[in-house]
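Asks: Once you have looked at the hints, place chains V and X on chain G.
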Amino acid sequence: MKRLLAVFVAMLVSSVAFAQQGPIKIGMSMPQTGGLAGGGKAALVALRMWVEDVNAKGGLLGRKVELIAYDDQSSAANTPGIYTKLIDVDKVDLLIAPYATVPTAPIMPLVKQRGLLLMGNFSFQVNATVKHDMWFNNAPWSDAPSWFAGFFEAGQKLGAKTVAVLAEDQEFAQNLRKGAMALIEKHKLKVVYEQNYPSSTVDFSTMIRAIRAAKPDIVFVASYPNGSVAIVRAVNEIGVGSSVKIFGGGMVGLQFTPIMESVGSSLNGIVNYNTYVPGMKYPGIEEYFARYAKKAVEEKVDPLGYYITPYNYAIGQMLEQAIKATKSLDHRKIADYLRKNEMKTIVGPIRYGPDGEWANPRVVQAQFRGIVDKNVEQFKQPGKQVVIGPQQFKTGEVVAPFEKARGK
Amino acid sequence: MRFWISLLVILGLAGIAAGVMKNEYYFFAGYVVLQFVVLATAWNLLGGYAGYVNFGTAAFFGLGAYIAVLLIKAFQAPLLVQILAAAAVGAALGLGVGVLTLRLRGIFFSIATVAVTIIVETVIINWRYVGGATGVQILRPQSTWPFESYIEMLFFVALVLAMVAVIIARYIQTSWIGRGLRAIRDNEEAAECSGVPTLKLKLAACVISGALMSAAGAPLAMYQSFVEPVSAFSLNYSVSALAMPIIGGTSHWIGPVLGAVLLGTVQQVVTVTISSELNVLVVGVLLVVFVVAAPEGIVGLARRIFRK
Amino acid sequence: MVFSLDLLAEAVLFGILVGCFYAAVSIGLSVAFGLLDVPHIAHPAFMVLGAYGTYLLGRYGVDPILSGLLLAPLFFLLGVAMYRFYYETFEKRGTDAGVRGLAFFFGIAFIIEIGLVLAFGVDQRMVEAAYIGKSMSLGEIRIPLRLVVAFGTALLLTFFLSLYLSKTFTGRAIKAVAQDEPALRLMGANPVRIKQWAFGIATAVAAIAGAMLIIVGPVEPAMDRVYIGRTFCVVVLAGLGSMSGTLVAGLILGIAESIVLTMFGASWAPAVAFGLLLLVLGVRPQGLFGR
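Protein chains in written order, with my numbering: chain G, 1 to 408; chain V, 1001 to 1308; chain X, 2001 to 2291.
Read the hints as simulated data drawn from the structure, not as lab findings. Because the structure is a prediction, the values reported are computed rather than measured. Careful: at least some of the hints might be erroneous.
Claimed, not checked - Pulled a few chain G residues facing chain X out of the computed Cβ check, cut under 8 Å:
no., residue
1, 34
2, 73
3, 198
Note that CB positions come from ideal geometry on N, CA and C, so glycine has one too.
The shape of chain G in the complex, shown without the other chains (with noise of 0.2 Å):
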């Protein structure tokens, strides 16, 4: 009888002590609308996942995890407003980014200014003006030379002396083409055609022709989805000259499954970054890929979730094991394990640099081959996309000229 009671007097403290504590909110904005939405969307469903995985399991800290998630429309202008937002009147305990560079860059300021930490999502280089010590990227890139591991030298491989250059006039693409400029300046090649176009760009036909006309071989992209889906039509209207051996390369949009399904077979020929192509052996990946297929279905977004989602499942799982490890919620404290740690993720190991960004990165450079209209099954199977780089996964070499790769 008195263990009854203690065992009841126990759970009542507990269950009052949970009930007081309340739950540790998470805060976030991530782009449901607008141009990432593709990516955003899927990535919040993977988010959501590790929420519940985490609160059956007991929570952290014996509290359970809320997580508070607004749409930022994937602009640059809402995100200061909504992040103060969540700060000063949702008042949480910890923040992640937005999904994407574009929206993640105006709040750089701010959690630096305030001294608080935040996990990023997705973006190019976001932190490298800013200095933010407690910024911790879940991207498997670091910089310029780790995202194009493979694209020029496959190039230069194939006799390529002139490059043309297409970048979005953002942050993301802004970041990338200069590294990239750095790269092509280190591989000796000239620059034949230079463009930077605003975001609301619709029609690339005027810049297609141009770049025809300029006879380059090759042809780097940094773009957004709308952007390289509108680019990716252009240049299956125009074409963009037998001169090209390799196009492609910082294409963001062209990994989501819906823009792969409904652009099909355009995308044959293209050489283009990912983080994930099947095929590559992660511990607990092909388990995760088949609990979110489900919770896709259900919640109408990307059914493979190749690309993004286990990403933003890791970064639920390295607050857990930082929050677990320091057993608080002190940003300083998390900060500091998540620098001095490793950890263990389903997309393998995480450890970080001083910059915030992986000191080991795992970005691949592929080839899109033998890709057929409205078939989602095709994107599940190894061989769709050829990994030409880095070396460590590499599954072939390139075809050129890129409209041979192309079937044209």
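Replies: The following block gives chains V and X in isolation, referenced to the frame of chain G:
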């Protein structure tokens, strides 16, 4: 006399609030409302008093923000310098725009002001030094005593700017300048014939209005820590600066203040509780409602009620 | 930047195709503003509304051009209602109404834009059709079929509207009401009903223009802003009241934009329409063919 005393009282209240309120978000939201008080009051100088509907508020506002960015990047200039420089450039743009477009009637003037906005925005987009289309990150300096945070200080700066704008508007309204502008609004040809220096007065209104709008834009750089052209030159600023005086009442200096405080507060509340789209819709709907049903604005309605 | 005669020739060709499209988009405004003197700054917003209507019908498999034609009568009624409201509230009451009328239409444009955002989100929307995505070859040059379709539709639209305005009684009455209202009244026609009819036609044309807009490329709710510049540029450049001038002005704008795009880059393109507008207003405000 009452006017000046009420200004001091407001300043005092704000000071007490700053000491008492710990939540920074009130200052964050309050700044926006005060910013719109300046914009609405400035707009009304040309739009309400003289009857020239300026759709280019965003051009001046955005330009002010970018002058601030330029000074921060080049000289690390303090906020006061940024504001004064922005006001000067805004005045110059106002003069230029006035000289070019004030000869045009009604809708052409308004369309021309939209054109100016897009052109200024396009020039900024192509100017890499201030960030171009990508935008630029701004690091705020640490705040100075007696303010606990930089946002609090910006709130006070905005309050002072709002008071300056109101003082100017009140002066213009009650002076010969205001009488001249009203004559222009009622019948420009008749005013010309009676010897009113219409062009000089219109230009003066343009210049002062432009200077104030740009001054309101300058602190935006520090406020947001990030400036990019699409949002800095957003048409939303132009429509709000127009809607607020119309809602408040265009004939008296207190109209724009009322409109800005009312509409601005509603917008902030809606943004926090529902969504930021809806707050833009609120502006559009209220604008149409007032333009159709109550063209004299709240001031007009109040006059009608009190006359009874 | 590679600058060659071939590239320039291609730019001019594309400019002609796109310019005709701009003319068709502006022709509704030519009627509403050029003939009727209504400060209809919401015209591009109605066009975008039409584009979204086409998108909705497209989800059921309806061809875009057909959607445009189906939506036209609906938009006609919408236009009639809008003008009626505008007339009762503003025009009847005098000159001060001009300023308020402008504010009114700006408010309407805003409401339409935000309404679209709330209904469809800020994402870009497209339609599928057999002629979208393919191109035809003219020697070395490949021309996207979607531009050709828009070009053809625009030409037909302009042609039929001009015919209507010059050959039919109502059409001629519309032109007359702009020039000499009292004379029209003496001839037994009711000017308000004529203007209503004209506004309805202008809005119906906006629906078809919207269909063309979504054929040419993806649409998003804020697109009306850039088209305010283009349509007003065309209408002012043409000269108020000139229908045939609209086609010429549209071509000029299209070619100018295309050349700027090719030679200076995409980031300067938005300023072309507005820059040209300011130039015309400053140098020759009555336009090329204006009265």
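Asks: Hints first: check each against the structure and report whether it holds.
Replies: Hint check:
1. 34: holds (5 Å)
2. 73: For residue 73 (chain G), the interface hint holds, since the closest Cβ of chain X sits about 5 Å away, which is under 8 Å.
3. 198: Hint on residue 198 (chain G): holds, closest Cβ of chain X at ~5 Å, below 8 Å.
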